[in-house]
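Chains as they are written, first to last, in the numbering used here: chain P, 1 to 513; chain W, 1 to 316.
Everything labelled a hint here was simulated from the structure, so no lab data went into it. Please read these numbers as outputs of a predicted model, since none were measured by experiment. The beta-carbon is built from N, C-alpha and C at its ideal position, and this holds for glycine as well. If a hint is listed, it holds; no wrong ones were tucked in.
Cut-off 30 Å, straight-line C-alpha distance, at most; resulting in silico cross-link-like pairs (DSSO-like, lysine-lysine): (1) P:Lys99 - P:Lys156; (2) P:Lys511 - P:Lys220; (3) W:Lys53 - P:Lys185; (4) P:Lys399 - W:Lys53; (5) P:Lys286 - P:Lys381; (6) P:Lys321 - P:Lys286; (7) P:Lys346 - P:Lys381; (8) P:Lys464 - P:Lys286; (9) W:Lys53 - P:Lys142.
A few chain P positions that, by computed beta-carbon distances, are all more than 10 Å from chain W: (10) Thr35; (11) Tyr139; (12) Asp141; (13) Gly221; (14) Leu305; (15) Lys321; (16) Tyr352; (17) Val356; (18) Lys359; (19) Glu370; (20) Gly436.
Away from chain W, derived, C-beta distances all over 12 Å, residues of chain P: (21) Thr57; (22) Ala91; (23) His427; (24) Lys492.
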Amino acid sequence: MWTVNRRRGAFCVIAVLLAGLNLAPVAAAQTRGGTVTLGIEQDIAGFDPLIVGVYDTGQEAMASLVFDTLTRLDDQGKPVPRLALSWDHSADFKTWTFKLRPNVKFQDGSPFDAAAVAFNYQRMLDPNNHCRCLFYISYIDKVEATDPLTAVFHLKAPAPNLPALLAVSTVVNVFHSPKAIEAMKEGYNRHPVGTGPFRLKSWQSGDRIVLERNPDYWDKGRPYLDQVVIRPMPDNTARFASIEAGETDIIWTDRAEDILKAKTNPALAVHEYAGSGAQVYAFNTKVAPFDDVRVRQALRMALDLKTYAQAEWDGLWQPAKDPYGPGSFVQCKDAGALPYDPDKAKALLQQYGKPVDFKMVATATPRGREIGQIFQEMWHKVGANMTIDQIDQTALVTKAFRRDFQLTPWRIIDLADPDPQMYANFHSGSPLNLAGYSNPEVDKLLDDARNSADEEKRVSDYCKIAQILNRDVPWFWTVDNHYFSIAKPQLKGIPKQFSDIIDLSAAYWEKKS
Amino acid sequence: MLGLIGRRLAYLVPVILAVTALTFLIANLLPGDLAIVMLGDQATPENVAALHKQLGLDLPLWQQYLHWLWGVLHGDFGTSHRTGQTVLHAIAGRLPVTLELLIMAELGGILIGVPLAILCAVRPGSAFDRTVSSIAFGSLSVPPFMLAILLIFIFALRLHLLPATAYVPLSDSLLGNLRSMALPGATLALLEWPTIMRVLRSDMISTLQEDYIAMARAKGLSPRRILLVHALKPSSLTLVTVIGLNIGRLIGGAVIIESIFALPGVGRLLLEAIYLRDFIVLQGGVLLVAIGFVLVNFFVDLLYAALDPRIRHGRA
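Just chain W, same shape as in the assembly (with noise of 0.2 Å):
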């Protein structure tokens, strides 16, 4: 089992590598120079070659990102040339907010997901199965922004029952925090429900083909003990996988969800780093990023060994 743990943290490596020095390269594609952007009106040739030579913009790009490398082994993420800020106090202040709409988003997903996908598998093919596929096939096709405005329409200006844009911090009230972040919660959760649907529905159907499952129903078991002991836990594993991938849509997803219902995540600050040439930030933010979507595959991984002994015995 350690050894896993340890043969997997050395993959970490070369992916944070590949992915730092990837966002490196095309931040440095976009057109737009950071110099002429801090300079605006005051861009004269000669005041962006100091800038350049100040900001180390005038180095090679390979050696650009070396320096960057080092300053983040020893835990300098950099400082934000637009806001003075250092790069990890500004993630910091809106970590927690993302971490929670992923948390939101993930297990409303899985509370929608998991019960339609197991009342789909016992009868497939039924009514209520096909009913419930097609709906998980159009909520798949909607846009993320769209289903957004649309529950703002429908929750925060018709019903008046839930607040549009009210962000309200957790902690200054947990019950408003709730409630402010509900739509976009609810936004994510109802994106991510129809995949975790299809997954385990069709997984299970093949379990419940199995010849132990006919076993157990012979030896006179419920079929609601079959369902959710002997049949859920060996259909889950690519649940587990694609709850696992997911994190990185749900990412994607956060930085449209974030900006229209004015939450203070990281990924409207990645955002705007674009928009506003902040490499320092944008560079910082991403790394943050994945390393955080790594460490939830490393996990997802991990959990595969806890689902399937087979696993952890090194033959899958």
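Bound conformation, chain P alone (with noise of 0.2 Å):
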């Protein structure tokens, strides 16, 4: 599905002033020197958000090499500046101000400075260009420079997550040269500039990208390597096949039997982030037999999560419990989860009296049919007939945003706060509530943590929401959010893998002893 980005902590952060210094918590070992080559899934299309509008993790992974954002994550997943030095909110968290770094450049020579933060979002902003990117960022309601170092974002609803939610390197978070952009018009897309520690070398087209060491970069001493190739491998097996024959050097994957196979291989080295958000499933509740309540909450109490996990997901994505996820900051206490339970399942459904079948859309891949075949099988169990319907990714968000379906999956993704996709979810008034669900309550809530700074109370209205959604199952929520790659070993530098993004920027190759 598309993509998006995310992470976890979401902390208030208030004016963090430190220094410009380091970015990395550098030790003294980090060798310079070397390349290492990455294997992702896709191609990349390219980088113009007017164009691509949406990067997938393989286009994030090479955006956070040629680019940089605002901020960036430390390792618990707060954030710490990056390109702004420091930064300071208004009373409402709907005014926020970046002081950015002094003596920073575009990769072609031009000035990175506020103005240049002003154009990018604003370009993406401009209702003309019709940005898919624009999803992300309708929060935003202009952003300004007020002096050449200083750039002012105004929203158009609260924020007090914002410097967490422009860490990562998605579409609407990194930094094109202006100047690149005029000058190349269409051809800026395979073309990128921008700040970032590597930049462009060559780029073939389905075979490999090449980034070189950014002389000029203002983290002197960075980057430790000299190149990064990076290579669209769209074969899983094959994909893997690269890291076991030495091929690549750290590919990204989302296979359970390769990701275990690597780890019984002392050659290998398996990263792994449990981040925020799961995999989730969308019933249209405006059409039969999903209008009723009982349907969906037997339908949901017949699968049973836990077999589901270890037979699809070999056990390394657990069975989530709400929307928010081990890497969010919300932890529900009781988050109200339906119960197993086949005959309580049996039940709802002969009282709703009508027979129980319908069509279930799934992707048009083997993992697309394997989850289809297991949820029939338990759905069969209680007496629910479902057909699987499957169809392309393309299709598939088509049919949702028609609202051309019955059961649709879908994706809540690794995000540092949980507000943007609930509240375009499972709002009323959203144009993306694609279960069609409608609840005084949970709106009032929704706006509630949307306008509250206050931590504490924003995680008990997430989890009263995660007890009302549980209970009303408009969506229903299968395993946690997992991120793996697989390495060599002696790759070291790389940073937990927020939004499912495999970030060399600071990677080095560890000394030979």
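Two independent chains are provided; combine them into the complex using the hints.
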């Protein structure tokens, strides 16, 4: 599905004033030099937000090298300075002021300043540009430069976690050289120019993208590597074979069998991160049989998520109790998740009285089919008949937006704050409320959580929301979001895989002892 | 001869028109709308309608097709909405890889298939013939992706002899390029030789029963000369046809093989174009593949004429 970013730790950051020294807490042992080859899944289309709309994990991995963000997340998931040195906010969290790092230049020599920040945002926000990326910044009203090193974000809704939301290298968080965009027009898409530690050297479409050290990087001493090679490898088996054979140094993967195999191989290291969000499914509550809450509850209670997580995900992904996930700051004592109870499910379906026959949309992948078959089997046992409707990703998204489905898979991704996605998915006024769910109590809690900076209060609001959603089941969640990469053990300096982004910007080869 | 070439070239026009019109139709029957793909979360009905208008997707299908055809006739194959690249540019970068793969597959298939066919045809029904024929039959039933993974497992992971996915462009290193193309080329060649072997074997067997072969034997010509000179050429008509037609099947195989071995070829470009509803690229790619396929078979027709004088004289 489309991707975004995310991560855990939401925290009200108040004017963090750290001197503009090194980003990464650097131990003395980094070696300089060397090349790292990264295997990603899909070919990269480009980087211009107006053309590509949103970055997938591969694009985000490359964006983290070519571009910089205003902030970055430390290992606790808290935002710390990167291009911004400090920040401050108004009492209502609707106006945020970022002080920028001085003397930073884009790779084409033009200056990175507040005007460049404003240019990037205003370009995405311009309604005439129809940027798909708009969804992720719909809470921003405008961004302006009040002086060369001060950028002010004016928000439509309060965002207590703005610095954390701006930290990962998603399509809306990185800064392109205004000069390069204006000079190259459409050609810019595949000639990205940022302020990041690596710059584009060559791009062989479908084969490899070679990045080389940016010699004028503002963080002196970095990057450690001379070169990063990014290779799209759509076939999972071949991608895993490439790291086993030593042709790549690190690969992205979500195949449990490969991860388990790599864990037993001393020549490979597995990096994993349990993020926020979850894998989710939306019922269309506007059409039968899912307009009846008993049917939705029955189907949820018929699912044995423990068995499912073991069968489909080899236990690497854990059953989800709420839509927030282990990486979120929202941890609920009791999210009110419905238990696995096939007898209760049968009884509910009998009360409903009519036969429950429906179609579930699934992606046209082996995994889509497997998941569909497991659900089918579990539902069949309680007397509900599901037909799998396998379609490809693009058609799936189209169907969902047209509300042309009964039950569809969807995704809640790893974002630093639950607000953007929860509000979009469950607020009755949201155009993205796929389930057609409307509950004034949930609306009120969502508004309340959005307008509060008190973390305890927000956690309690979100947990109440989880209880209501677990009871009404407009959506259900199956397993948490777990992100993996497999690397050579000598490759160090890789941070947590926030938002599923493999970030090599501070990576280095461990000295051979 | 010129008349023949002219007539055959004239056939190309309706074939290519039919292929592109059909692709256009099929592509537009796929569920999923380019405008919704491009707009994503911004796909409100108004935005979708506006984008349809901007892209010309609101026109009737036949108008869209004529519009596209008009552009192609003027050398404009369009621009990908996904990458901003022109279609010709996108394909030009990928074409050499696929061409190399196809050539390796055909050459490999011929190198394995032809000698085996001759050896089998000499003594049809012998143990050797039966063994080779059953291996050929077995190979025909192996799906390409399985063979590819098997080869990766043996040669890349166990023996560490050849790279699985480390494609090296020809411009970087000839040896490196050949090494990186060895497994994908071998996969397709291993799927190719059984057809070549079976077709040539049966033609050879019947040729070897012709009177003039008996005559040649009677004249005391060496068996090698009889096989390679007197029998091979007249037996290769069907073979040449099959090789020409197989190019189409190989292009289909290339789509899978390029994905597995991470090769930046045309096949993978087209596959991605389908997934991402990048129909302009798909359309342009299919047109070029179709032209290529038709041209290959055009040359095959010419080759007939060279192999068999009867065709040259317009009697076939």
